[in-house]
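Visitor: One letter stands for each residue in the lines below.
Number of protein chains: 2
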Amino acid sequence: MALKVEKLKVNFKTLEEFKKFKEYGIQELSMLEDLEANMVEDHNDSPFYGIYFGDKLVARMSLYQVDAKFDRYFYPPQSYLELWKLEVLPEYQEKGYGRTLVEFAKSFGLPIKTNPRVKSSGFWEKLDFANVDYDMERDRGENPLVWYPEGVEAQH
Amino acid sequence: MALKVEKLKVNFKTLEEFKKFKEYGIQELSMLEDLEANMVEDHNDSPFYGIYFGDKLVARMSLYQVDAKFDRYFYPPQSYLELWKLEVLPEYQEKGYGRTLVEFAKSFGLPIKTNPRVKSSGFWEKLDFANVDYDMERDRGENPLVWYPEGVEAQH
Numbered sequence: 001m002a003l004k005v006e007k008l009k010v011n012f013k014t015l016e017e018f019k020k021f022k023e024y025g026i027q028e029l030s031m032l033e034d035l036e037a038n039m040v041e042d043h044n045d046s047p048f049y050g051i052y053f054g055d056k057l058v059a060r061m062s063l064y065q066v067d068a069k070f071d072r073y074f075y076p077p078q079s080y081l082e083l084w085k086l087e088v089l090p091e092y093q094e095k096g097y098g099r100t101l102v103e104f105a106k107s108f109g110l111p112i113k114t115n116p117r118v119k120s121s122g123f124w125e126k127l128d129f130a131n132v133d134y135d136m137e138r139d140r141g142e143n144p145l146v147w148y149p150e151g152v153e154a155q156h
Numbered sequence: 001m002a003l004k005v006e007k008l009k010v011n012f013k014t015l016e017e018f019k020k021f022k023e024y025g026i027q028e029l030s031m032l033e034d035l036e037a038n039m040v041e042d043h044n045d046s047p048f049y050g051i052y053f054g055d056k057l058v059a060r061m062s063l064y065q066v067d068a069k070f071d072r073y074f075y076p077p078q079s080y081l082e083l084w085k086l087e088v089l090p091e092y093q094e095k096g097y098g099r100t101l102v103e104f105a106k107s108f109g110l111p112i113k114t115n116p117r118v119k120s121s122g123f124w125e126k127l128d129f130a131n132v133d134y135d136m137e138r139d140r141g142e143n144p145l146v147w148y149p150e151g152v153e154a155q156h
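Chains as they are written, first to last, in our numbering: chain U, 1 to 156; chain Y, 1 to 156.
Chain U with its partners taken away, still in its complex shape (with noise of 0.2 Å):
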């Protein structure tokens, strides 16, 4: 079965499923609080995606377009995707959910930069990123890993 990737609505629906994953932060608490505060209906704009299993989120990330003038990653400069709480829920892993997203990532052509969770570099390496040239001032605490369509390079 064809696994498909939505754009996830963000409502009180999805918060609640949102609980189930670990990388549970500020920034769904801060999604709940617009909610709450009837600032929104439904976060429309919201950078998440995921997977379903019949009606159930088994599978997530979120992605972000950064501008071309903050790139700090790709030669030549331009607009590149972040990604970021990519996590499948665990008795949903090693079925392709993982990957199935971060292809989806891929097809809208842009470099793409992640900061995944120490110890997950097999997942990454197999899905061609490859790691930086450490830059303190830049990379702070990360491990940034980073995606090259064709013609992009590392910047120097």
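Rather than coming from a laboratory, the hints here were simulated on the basis of the structure.
Be a bit skeptical, because a hint or two may be false.
Identical copies look the same in the list; a pair holds intra-copy or inter-copy alike.
What the hints assert, rightly or not - Below, simulated DSS-like cross-link-like pairs (lysine-lysine); rule was C-alpha separation at most 27 Å, straight line:
hint: 1; residue 1: 126; residue 2: 13
hint: 2; residue 1: 4; residue 2: 20
hint: 3; residue 1: 126; residue 2: 22
hint: 4; residue 1: 20; residue 2: 119
hint: 5; residue 1: 20; residue 2: 69
hint: 6; residue 1: 19; residue 2: 95
hint: 7; residue 1: 22; residue 2: 106
hint: 8; residue 1: 119; residue 2: 9
hint: 9; residue 1: 19; residue 2: 4
hint: 10; residue 1: 19; residue 2: 119
hint: 11; residue 1: 69; residue 2: 4
hint: 12; residue 1: 69; residue 2: 19
Chain U is fixed; fit chain Y onto it per the hints.
Guide: Only chain Y this time, still in chain U's reference frame:
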């Protein structure tokens, strides 16, 4: 016994000790490569501070001064410290090592920003760190916590 915070000399011995910490990543690997390539003798300008128990490194953090022109967290905008990789080896936790390191960081009198691990918020609250208003473009996947010295407040 008073705990003593030391600026770490990053040499082969220190890098070997770093391997015991969970948050070992591209920053440490990059320092190791520099040493192996004889590019540096000791990283005396290392951003790492630590506490030894006897001759064993049992706690560490990285501290980096961000220039005022990049400040997007504090008002008035100013230089601040970014703190990361605060970690105490498991058998030395709950003994004040983490608190001692953070208090050392505060002693510089600059505002501090950190992006702690999920579920450590109790520790940071006790040390007067506060949540920021989440801003996706600035914070992306982070959960920033900040400490305001007197006279400093959040940037809006």
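Visitor: To test your reading of the hints: which numbers does this structure violate?
Guide: Hint check: 1, 5, 11, 12 fail, others pass.
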